[in-house]
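S.K.: Going down the list, the protein sequences come from chains B and G. Under my numbering, the first residue of the first sequence is numbered 1, with each subsequent residue one higher. Under my numbering, the first residue of the second sequence is numbered 1, with each subsequent residue one higher.
One or more of the hints may lead you astray.
Sample of chain G residues facing chain B (criterion: CB under 8 Å; computed from the structure) [what the hints assert, rightly or not]:
hint, residue
1, 114
2, 115
3, 189
4, 193
5, 194
6, 196
7, 245
8, 258
9, 280
10, 450
11, 460
12, 478
Taking CB as the label site, the calculated pair distances span [stated by the list, open to error]:
hint, chain 1, residue 1, chain 2, residue 2, range
13, B, 381, G, 233, 58 to 66 Å
14, B, 396, G, 375, 33 to 41 Å
15, G, 96, B, 365, 47 to 55 Å
No farther apart than 30 Å at their CA atoms in a straight line, the calculated lysine-lysine pairs in the BS3-like style are these [what the hints assert, rightly or not]:
hint, chain 1, residue 1, chain 2, residue 2
16, B, 400, B, 324
17, G, 300, G, 366
18, G, 300, B, 236
19, G, 326, B, 230
20, G, 188, B, 100
21, G, 362, B, 181
22, G, 270, G, 20
Honestly, the hints are just simulated from the structure, not real lab data. Model, not experiment: these values are computed from the prediction. Glycine residues also receive a C-beta, built at the ideal position from the N, C-alpha and C atoms.
Below, each chain spelled out in residue letters.
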Amino acid sequence: MLKYDLVVVGGGPAGMAAALKAKECGVEKILICERDETLGGILEQCIHTGFGLHYFGEELSGPEYAARFIEQIEQTDIDVKVNTMVLDITTNNDVIAINKDDGLMEISSTAIVLAMGCRERPRGAISIPGTRPAGVMTAGTAQRYANIQGYLAGKEVVILGSGDIGLIMARRMTLEGAKVKMVCELMPYSGGLTRNIVQCLEDFDIPLKLSHTVTQIHGDDRVEGVTISKVDSNLKPIPGTEEYVPCDTLMLSVGLLPENELSRSVGIYLDRITGGAIVDQYRETNHEGVFACGNVLHVHDLVDFVTQESQIAGEGAANYIKGKKAFSDYRIHTKGVNGVRYVVPQRICIDDSDQPVKLYFRVGQVFTNATVKVTRNGNVIYAKKKRKLAPGEMENIIIKPEDLQEFSEGDYLYIEVEG
Amino acid sequence: MSYDIAIIGAGVVGSLIARKLSKYDIKIALIEKCNDVAMGTSKANSAIVHAGFDALPGTLKADLNVKGTKLMGYLCEELGVPFKNIGSLVIAFNEEEMETLTSLLKRGEENNVPGLKIIGQDRLHEMEPNISKRALGALWAKTASIVCPYELTLAAAECAVINGCELYRNFEVSQIDFDNEQFTVKAKTGEEINAKYVINAAGIYSDFIASLIGDESIELVARKGEYLLMDKNLGGVVNHVIFQCPTKMGKGVLVTPTVDGNILTGPSAKDIEGKDDISTTSDELNMVRTYTSYSIPNVKLNSVITSFAGIRAHSTKNDFIIEPSKVNPHFINVAGIESPGLSAAPAIAEYVEEIMLDTMGKLPKKVKWQRTRPEPVRFRELSTVERRELIEKNPAYGQIVCRCETVTEGEIIDACHSTIPALDLDGIKRRTRAGMGRCQSGFCGPKVAEIISRELKEDLLDVTKFGRKSNVVVGKTK
Numbered sequence: 001m002l003k004y005d006l007v008v009v010g011g012g013p014a015g016m017a018a019a020l021k022a023k024e025c026g027v028e029k030i031l032i033c034e035r036d037e038t039l040g041g042i043l044e045q046c047i048h049t050g051f052g053l054h055y056f057g058e059e060l061s062g063p064e065y066a067a068r069f070i071e072q073i074e075q076t077d078i079d080v081k082v083n084t085m086v087l088d089i090t091t092n093n094d095v096i097a098i099n100k101d102d103g104l105m106e107i108s109s110t111a112i113v114l115a116m117g118c119r120e121r122p123r124g125a126i127s128i129p130g131t132r133p134a135g136v137m138t139a140g141t142a143q144r145y146a147n148i149q150g151y152l153a154g155k156e157v158v159i160l161g162s163g164d165i166g167l168i169m170a171r172r173m174t175l176e177g178a179k180v181k182m183v184c185e186l187m188p189y190s191g192g193l194t195r196n197i198v199q200c201l202e203d204f205d206i207p208l209k210l211s212h213t214v215t216q217i218h219g220d221d222r223v224e225g226v227t228i229s230k231v232d233s234n235l236k237p238i239p240g241t242e243e244y245v246p247c248d249t250l251m252l253s254v255g256l257l258p259e260n261e262l263s264r265s266v267g268i269y270l271d272r273i274t275g276g277a278i279v280d281q282y283r284e285t286n287h288e289g290v291f292a293c294g295n296v297l298h299v300h301d302l303v304d305f306v307t308q309e310s311q312i313a314g315e316g317a318a319n320y321i322k323g324k325k326a327f328s329d330y331r332i333h334t335k336g337v338n339g340v341r342y343v344v345p346q347r348i349c350i351d352d353s354d355q356p357v358k359l360y361f362r363v364g365q366v367f368t369n370a371t372v373k374v375t376r377n378g379n380v381i382y383a384k385k386k387r388k389l390a391p392g393e394m395e396n397i398i399i400k401p402e403d404l405q406e407f408s409e410g411d412y413l414y415i416e417v418e419g
Numbered sequence: 001m002s003y004d005i006a007i008i009g010a011g012v013v014g015s016l017i018a019r020k021l022s023k024y025d026i027k028i029a030l031i032e033k034c035n036d037v038a039m040g041t042s043k044a045n046s047a048i049v050h051a052g053f054d055a056l057p058g059t060l061k062a063d064l065n066v067k068g069t070k071l072m073g074y075l076c077e078e079l080g081v082p083f084k085n086i087g088s089l090v091i092a093f094n095e096e097e098m099e100t101l102t103s104l105l106k107r108g109e110e111n112n113v114p115g116l117k118i119i120g121q122d123r124l125h126e127m128e129p130n131i132s133k134r135a136l137g138a139l140w141a142k143t144a145s146i147v148c149p150y151e152l153t154l155a156a157a158e159c160a161v162i163n164g165c166e167l168y169r170n171f172e173v174s175q176i177d178f179d180n181e182q183f184t185v186k187a188k189t190g191e192e193i194n195a196k197y198v199i200n201a202a203g204i205y206s207d208f209i210a211s212l213i214g215d216e217s218i219e220l221v222a223r224k225g226e227y228l229l230m231d232k233n234l235g236g237v238v239n240h241v242i243f244q245c246p247t248k249m250g251k252g253v254l255v256t257p258t259v260d261g262n263i264l265t266g267p268s269a270k271d272i273e274g275k276d277d278i279s280t281t282s283d284e285l286n287m288v289r290t291y292t293s294y295s296i297p298n299v300k301l302n303s304v305i306t307s308f309a310g311i312r313a314h315s316t317k318n319d320f321i322i323e324p325s326k327v328n329p330h331f332i333n334v335a336g337i338e339s340p341g342l343s344a345a346p347a348i349a350e351y352v353e354e355i356m357l358d359t360m361g362k363l364p365k366k367v368k369w370q371r372t373r374p375e376p377v378r379f380r381e382l383s384t385v386e387r388r389e390l391i392e393k394n395p396a397y398g399q400i401v402c403r404c405e406t407v408t409e410g411e412i413i414d415a416c417h418s419t420i421p422a423l424d425l426d427g428i429k430r431r432t433r434a435g436m437g438r439c440q441s442g443f444c445g446p447k448v449a450e451i452i453s454r455e456l457k458e459d460l461l462d463v464t465k466f467g468r469k470s471n472v473v474v475g476k477t478k
């Protein structure tokens with residue numbers, strides 16, 4: 001049996017940052033298991049720029065952003081196994097993984113960082129009626145065909161969902177000579193970053209049809225067209241608003257789901273809203289010694305925040321391994337109310353740490369000139385005016401350590417939007 | 001090419017007939033219009049082996065259902081096909097429906113269905129804790145089972161091919177001539193084969209195929225059924241096949257586990273114009289949702305991973321039509337095979353075998369007949385020790401391609417080179433389950449396409465989802 005202090009499941013931006021931070025904190029034996037051929041995760045197919053503005057202060061492409069971490073890992077003694085799939089985690093943190101060269105491996109580990117990322121919501125999850133031809137695929141699948149394999153998924157494209165990958169692919173397909181006819185968005189606002197709407201749609205005159213959805217797929221062999229409809233305020237299609245749009249491809253960008261099969265199988269509690277694990281401020285799950293970070297924990301808007309969060313998890317795992325930190329059982333809960341959809345971390349350990357706690361959250365609708373408030377026991381401990389809050393953009397606030405004292409175990413810290 | 005028998009249609013019925021007849025020393029052609037076997041009703045149905053209390057006593061449906069169900073378990077074991085005898089429950093919500101259960105029980109006993117029992121509310125909820133509290137009781141049929149219908153079809157066709165039967169794919173029959181000695185069966189493409197006997201197992205198209213020899217006696221109505229397939233994380237929400245009381249359109253909406261651990265609900269029932277419309281509709285899928293929550297109120301309907309529709313070939317005679325044609329006794333119709341067609345299929349094959357022996361006279365048996373086919377590796381079902389040994393033998397089993405269903409590259413390569421090789425993405429999906437899971441091939445699709453391209457030595461531009469013009473990509477990037 002192989003023995004490590006820390007096994008990191010996933011070698012994307014989250015896994016790499018967590019492993020590097022743990023190394024920096026003095027953890028000796030670290031292994032990263034990556035299921036794809038190289039480290040880097042989904043960044044490898046994101047050849048557009050826009051990565052790293054917050055973390056590096058410069059604009060990088062996905063592979064460039066990943067390369068900075070890959071180079072650092074190569075300079076350490078962190079072991080990396082690519083083409084390696086983790087199949088199982090046991091209750092005492094043994095990891096079962098396989099690849100072609102090592103076969104089936106049983107790896108014993110003191111701590112584990114889960115960094116498996118997320119996947120796209122498929123057609124079935126949103127139940128679009130119609131035929132089942134070729135040419136219906138998620139934006140990420142089309143992106144892989146285009147940027148990794150060198151193939152074009154379609155020539156006349158309708159995109160459903162204005163998530164960031166969909167917006168990026170609208171531009172990418174246009175640059176490849178495909179005609180992107182429109183992007184339909186069910187909600188009255190886009191789920192993507194404002195900069196992507198400007199740079200990927202507006203700059204290419206691609207219409208964004210808000211409050212529209214695809215109500216039928218047509219075509220026997222390959223997609224021949226889709227019917228789109230306007231939706232009412234309850235998001236139900238309005239009869240009589242149907243429009244037939246000829247196309248050979250329907251690309252879906254209708255949301256991302258953290259990929260938590262492994263977490264579930266080991267009995268980790270998941271947050272109903274985020275789809276990721278319930279964690280404390282060190283990103284430790286309810287399963288002792290198992291941490292989670294990046295898009296497997298909650299879907300981020302920017303990779304820079306994934307990196308920051310994963311460093312927290314890496315440091316948390318390091319402290320756990322070194323037995324330095326007696327993680328306190330004395331915990332309080334965070335909860336998003338009044339417009340705040342979720343908050344991560346969901347728990348805060350009240351311990352002797354003098355570190356502030358950064359809370360990440362997303363709102364459920366668009367707000368302008370609103371105030372973000374944090375209250376405990378009816379008292380406001382934090383308030384900040386925000387010009388704009390949108391579901392597509394992740395927000396954060398920092399809670400000072402002194403504000404975390406005087407709590408009773410099980411107390412709630414409420415985060416809400418006013419205005 | 002010249003054959004003794006040409007079987008038109010490689011669905012579950014045609015393929016099981018081909019297997020059954022392949023034990024005789026004769027030349028058989030199995031003809032399929034699509035790029036793979038099991039492409040029609042055989043891949044889109046409830047995947048249930050019915051106990052046999054639905055069909056009216058004295059009908060072929062009743063007789064062959066009960067006989068087929070008796071044969072199914074053994075057949076699946078022989079062919080290495082997933083099969084589980086889980087039993088079924090028809091639930092009743094009021095006194096009137098409780099009476100329906102009594103008449104179903106009586107009908108079942110007349111049909112010689114073993115193991116039928118009416119159970120009360122307490123027992124029902126003990127057996128199925130998630131079922132609606134309003135359910136008063138149920139008819140429990142112990143012999144009802146679930147099976148993988150496309151794998152059964154594939155296994156039967158593979159077994160037939162191993163025994164010398166020749167499979168023609170993409171052979172869409174457009175003309176049949178008879179010169180008093182043999183038939184000439186012509187495809188749209190111009191390809192043709194000759195055969196002394198023809199077995200018409202063309203599913204929803206069997207009326208059309210019969211009309212090609214001037215037999216206009218078969219009248220079929222295409223009855224579409226729409227289904228929802230749910231995520232494996234709902235597994236265990238029901239443990240039996242759960243029916244509601246039947247209506248005149250069919251057995252109503254059922255909720256059942258599949259052999260792979262998903263939950264399947266459906267079908268709706270709607271007669272349609274034409275034969276090819278397997279599109280789903282929001283009305284019918286909503287109906288399925290409504291009826292599903294009627295049986296299982298707490299089922300998480302947002303766990304749907306895909307929806308699909310299948311066509312039942314409903315005969316206006318309300319029974320299976322399995323007999324030599326009145327126009328030409330060398331042409332045998334096997335038509336109107338709607339539910340319980342899958343359950344009856346093993347018995348239909350035996351029934352057709354008898355008809356062929358009657359028509360053709362005594363046939364010599366092959367000295368060596370292979371009863372089975374090589375069972376594919378199913379990595380996801382293996383123990384840690386078995387997995388380790390397998391990867392040591394062939395490292396391709398150490399590379400996971402489909403993460404949702406834990407399918408290895410080795411299994412996909414196997415499927416590209418099996419007895420009836422997969423030629424497209426859906427073919428790989430049915431053989432290995434790659435792409436069958438919750439991400440619905442989002443991650444593995446491009447990888448599987450690449451493996452098909454490599455193994456079948458064709459450009460990725462030519463790789464299709466299910467043959468014809470269903471290409472997955474349309475060009476190269478600049």
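S.K.: Now tell me, hint by hint, if it's right for this structure.
M.R.: Hints, one by one, checked against the model:
At about 38 Å, the closest approach between the beta carbon of residue 114 of chain G and any beta carbon in chain B exceeds 8 Å, and the interface hint on this residue is violated. Annotation: interface hint on residue 115 of chain G violated; nearest CB of chain B at approximately 36 Å, more than 8 Å. Because the closest C-beta pair between residue 189 of chain G and chain B is about 16 Å apart, greater than 8 Å, the hint is violated. Checking residue 193 of chain G against chain B by beta carbon gives a least distance of about 26 Å; that is not within 8 Å, so the hint is violated.
Because the closest C-beta pair between residue 194 of chain G and chain B is about 31 Å apart, greater than 8 Å, the hint is violated. The interface hint given for residue 196 of chain G is broken, as the beta carbon of that residue sits about 35 Å from the closest beta carbon of chain B, more than 8 Å. Look at residue 245 of chain G: its Cβ only gets to about 27 Å from chain B, farther than 8 Å, so that hint breaks. A cut of 8 Å between beta carbons decides the hint on residue 258 of chain G: the least distance to chain B is about 15 Å, and the hint is violated.
Given the 8 Å rule on beta carbons, the hint for residue 280 of chain G holds: about 5 Å separates it from the nearest Cβ of chain B. Given the 8 Å rule on beta carbons, the hint for residue 450 of chain G holds: about 7 Å separates it from the nearest Cβ of chain B. Interface restraint check for residue 460 of chain G: the shortest CB-CB distance to chain B comes to about 6 Å, inside 8 Å, so the restraint holds. For residue 478 of chain G, the suggested interface contact is upheld, since its CB lies about 6 Å from the closest CB of chain B, less than 8 Å.
Against the hinted window of 58 to 66 Å, the Cβ-Cβ separation of residue 381 of chain B and residue 233 of chain G comes to about 38 Å, which falls outside the hint. Between residue 396 of chain B and residue 375 of chain G the beta carbons are some 54 Å apart, a value that contradicts the proposed interval 33 to 41 Å. At about 48 Å, the beta-carbon gap between residue 96 of chain G and residue 365 of chain B stays in the expected band of 47 to 55 Å. The suggested pairing of residue 400 of chain B with residue 324 of chain B holds, with an alpha-carbon distance near 22 Å, which does not exceed 30 Å.
Of the pairs offered as hints, the one joining residue 300 of chain G and residue 366 of chain G is violated, with about 53 Å between alpha carbons and a cut-off of 30 Å exceeded. A threshold of 30 Å between alpha carbons decides the hint, and for residue 300 of chain G with residue 236 of chain B the separation of about 20 Å falls inside it, so the pair holds. Distance check on the hinted pair: residue 326 of chain G and residue 230 of chain B sit about 55 Å apart at the alpha-carbon level, beyond 30 Å; violated. A C-alpha spacing of about 45 Å is found between residue 188 of chain G and residue 100 of chain B, which places the hinted pair above 30 Å, so the restraint is violated.
This hinted pair does not check out: residue 362 of chain G and residue 181 of chain B have alpha carbons roughly 65 Å apart, beyond 30 Å. A distance of roughly 34 Å separates the Cα atoms of residue 270 of chain G and residue 20 of chain G; the hinted pair therefore is violated under the 30 Å criterion.
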